[in-house]
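Asker: Line by line, the protein sequences give chains A and B. Under my numbering, read the first sequence as residues 1 to 149, first letter to last. Under my numbering, read the second sequence as residues 1 to 457, first letter to last.
None of these hints come from the bench; they were simulated from the model. Hints are supplied without guarantee of correctness; some may be wrong.
Derived contacts from chain A toward chain B, CB cut-off under 10 Å, selection only [claimed, not checked]:
1. Ser23
2. Thr24
3. Pro31
4. Val37
5. His52
6. Trp56
7. Glu95
8. Ala98
9. Tyr104
10. Gln130
11. Ala133
12. Val136
Stretches of chain B that chain A covers, calculated by requiring three or more beta carbons in the stretch to come under 8 Å of a beta carbon on chain A [claimed, not checked]:
13. 106-120
14. 178-187
Partial pick of chain B residues on the chain A-facing surface, computed with a CB cut under 10 Å [said to hold, decoys possible]:
15. Ala139
16. Gly233
17. Ala319
Glycine included, C-beta positions come from ideal geometry on N, C-alpha and C.
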Amino acid sequence: MGTKKTTPGGVVAAVWWSGTIISTAVLVSLPLRVAEVNHSLRTPFDNTDSGHAAQWSFLSEASHHVPAGASFTVVADDRDLEMSLYMMAVGLLPEAVALPSSYYGRSAPIGERAGFVLKFEGSASDHPPQYHAIEVNGGWVWQRLATEP
Amino acid sequence: MTGAVFLVAVLGPSVILGLPVAVHPELRHLSVAARASIAWAIGCFFLTVALTLISAIGLPWTPWLIVLVCCAALTLSGRLIRRSRAVTPASEVLAPCRFSIASLCFTVIAGGGLYAFVFGFAASADLSYFWGVKATHFALERGIDFELLRQPHMIHLHPNYPPLWPVLLGWGAMTARSMPWLAISPLTWLCLTATAAIVFSLLEARLGRRAATLVTCLWYATLTTLMVTSFSGGNADAFLLLFLSVALVVIVTEVREEPSNLHWLAAVALAGAVFTKSEGFVAAALIAAGTLIRDVAWRRQAIIRQTAFLIAPAAVTAALWVLVRIAHDIRLTDPIRETVFQLSFDHIDLILKVCARILVKGAVAAGWMAPLIAVVIAGRGRLRQAIPAFVTALGILGFAFIYYLHAVGDPLQLIVWTFPRLIQPAISAWILGCGVAAFSVAGEPNPEIIATRKTGR
Numbered sequence: 001m002g003t004k005k006t007t008p009g010g011v012v013a014a015v016w017w018s019g020t021i022i023s024t025a026v027l028v029s030l031p032l033r034v035a036e037v038n039h040s041l042r043t044p045f046d047n048t049d050s051g052h053a054a055q056w057s058f059l060s061e062a063s064h065h066v067p068a069g070a071s072f073t074v075v076a077d078d079r080d081l082e083m084s085l086y087m088m089a090v091g092l093l094p095e096a097v098a099l100p101s102s103y104y105g106r107s108a109p110i111g112e113r114a115g116f117v118l119k120f121e122g123s124a125s126d127h128p129p130q131y132h133a134i135e136v137n138g139g140w141v142w143q144r145l146a147t148e149p
Numbered sequence: 001m002t003g004a005v006f007l008v009a010v011l012g013p014s015v016i017l018g019l020p021v022a023v024h025p026e027l028r029h030l031s032v033a034a035r036a037s038i039a040w041a042i043g044c045f046f047l048t049v050a051l052t053l054i055s056a057i058g059l060p061w062t063p064w065l066i067v068l069v070c071c072a073a074l075t076l077s078g079r080l081i082r083r084s085r086a087v088t089p090a091s092e093v094l095a096p097c098r099f100s101i102a103s104l105c106f107t108v109i110a111g112g113g114l115y116a117f118v119f120g121f122a123a124s125a126d127l128s129y130f131w132g133v134k135a136t137h138f139a140l141e142r143g144i145d146f147e148l149l150r151q152p153h154m155i156h157l158h159p160n161y162p163p164l165w166p167v168l169l170g171w172g173a174m175t176a177r178s179m180p181w182l183a184i185s186p187l188t189w190l191c192l193t194a195t196a197a198i199v200f201s202l203l204e205a206r207l208g209r210r211a212a213t214l215v216t217c218l219w220y221a222t223l224t225t226l227m228v229t230s231f232s233g234g235n236a237d238a239f240l241l242l243f244l245s246v247a248l249v250v251i252v253t254e255v256r257e258e259p260s261n262l263h264w265l266a267a268v269a270l271a272g273a274v275f276t277k278s279e280g281f282v283a284a285a286l287i288a289a290g291t292l293i294r295d296v297a298w299r300r301q302a303i304i305r306q307t308a309f310l311i312a313p314a315a316v317t318a319a320l321w322v323l324v325r326i327a328h329d330i331r332l333t334d335p336i337r338e339t340v341f342q343l344s345f346d347h348i349d350l351i352l353k354v355c356a357r358i359l360v361k362g363a364v365a366a367g368w369m370a371p372l373i374a375v376v377i378a379g380r381g382r383l384r385q386a387i388p389a390f391v392t393a394l395g396i397l398g399f400a401f402i403y404y405l406h407a408v409g410d411p412l413q414l415i416v417w418t419f420p421r422l423i424q425p426a427i428s429a430w431i432l433g434c435g436v437a438a439f440s441v442a443g444e445p446n447p448e449i450i451a452t453r454k455t456g457r
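Chain A with its partners taken away, still in its complex shape (with noise of 0.2 Å):
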């Protein structure tokens, strides 16, 4: 049999209550960290300096160019961020079908039979020939243009 304790002694207590303390300190001054806290979320990542929050609203906004049933591909200067929008616009454009340009850093061919590419960033030059250019917010929307048979 154990030793018997009625109530917590006062030593003991003190010990849990400081490590609730301090956890809880650590996490109450969270947003004191963030250097300006956005209340009006427009994506998940606002309030996080992951920059997820910028591809989002690229994506976001690019999807409305995509229609149901197109398919499209990213693009983007750097193959890890350029992996991190495909992945994500599986999940933004889901009635769309995402054919990637490179897939963990290797090229995939699969992307050039895209109807759409999604350019993250770069300028109005960046487009080639065959295809029209819409701009969006944090990128471009390039659909290829109907080739003669």
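We have chain A; now place chain B onto it with these hints.
Answerer: Chain B in isolation, oriented as in the chain A frame:
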């Protein structure tokens, strides 16, 4: 509006499906909040198993089918309530919560957590990479989209991961007719708060209100903070924590002289953990192993049968998901993950240093140091009683270490990203184990709670 419909769809049917469990006579001593939380947790497990089976046999998810099952659950609950009232007298009602430093502390933690999760301080990238993505497609397909999961350029969706979380989100999105992405992160807070309610009520019954308050406040503060700082908002981690914590607190609050009559609840919770995340199987195995070791140390009877009873629902659930994947040609392993047993010992120093650095910072440090110091000061606590929790906590750390040995190349980024999440169940187990070891009273429920019941204070 979409968010509200989504939350009603996620909460409503699951609470109703879990109601027959929550009104079980053995749970009548728990608070209403705890029983409602148990109903939700177990109901989510039942609902997602049912939806997975419906998809597996090729039928679409139909709200009317779930409504019918809910009606059956309500009827069953009514019968159980009437029967338990006829057989057992109404349980003694514990003193209601009054304003105290503890309730203030609890409110601050709940408020701080809610603010962080609602305003996206904790949003996980994985929500937008695969958890929510799968759910969106499941909602469109009105079922698990096996075709999508088979595609070669969709392996980032981790097709082999257990389905509870995406199926639950998909069900909610299907009912709401779109995915309310901003409403998902607050569900993590709800999971944490539900777990705290269950943990408090189960601990209170064994340790008394003051000890239960101390342990639960530290648990709630630490795990909420850890979930926020590790960007786990919207992930399945909170559900995993819920199931594992419920199972553990049931197991560690039983005493040698009085075997728990809630082992069935722990067994169902472990099945829920296995159906939520792959790590759930590791943690469930550790909890079962810890319980086995403790029961051997206690020289209990029929240990093998008891352990088999504890782990059987989890094993059946794991087997079910394997069979569904085989039937639908879904990979059994994750090609993105490292190859098993291809270990590299080149980075041991780095692994130990980075993990140690994370363990001695902020809320994580408070979460394991304070309970450890408390147990040391408290002296001869009932350490044996808490063996399952200690085995789980240390076993998960060991699992993390072995996992990092599998890393190809420099594991720094992998550790920084995953370790704060992997240790959540370990920190939870540690707090619960130390709490029970520090405050337990041998044999009987804590005299404080008996006095509280008698005086109605």
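Asker: Compare the structure with each hint and give your call.
Answerer: Each hint tested on the structure:
| no. | hint | result |
| --- | --- | --- |
| 1 | Ser23 | holds, 4 Å |
| 2 | Thr24 | holds, 5 Å |
| 3 | Pro31 | holds, 7 Å |
| 4 | Val37 | holds, 7 Å |
| 5 | His52 | holds, 6 Å |
| 6 | Trp56 | holds, 7 Å |
| 7 | Glu95 | holds, 7 Å |
| 8 | Ala98 | holds, 8 Å |
| 9 | Tyr104 | holds, 8 Å |
| 10 | Gln130 | violated, 24 Å |
| 11 | Ala133 | violated, 25 Å |
| 12 | Val136 | violated, 18 Å |
| 13 | 106-120 | holds (count 8) |
| 14 | 178-187 | holds (count 5) |
| 15 | Ala139 | holds, 8 Å |
| 16 | Gly233 | holds, 8 Å |
| 17 | Ala319 | violated, 30 Å |
Comparing the model with each earlier hint shows violations of hints 10, 11, 12 and 17; every other hint is respected.
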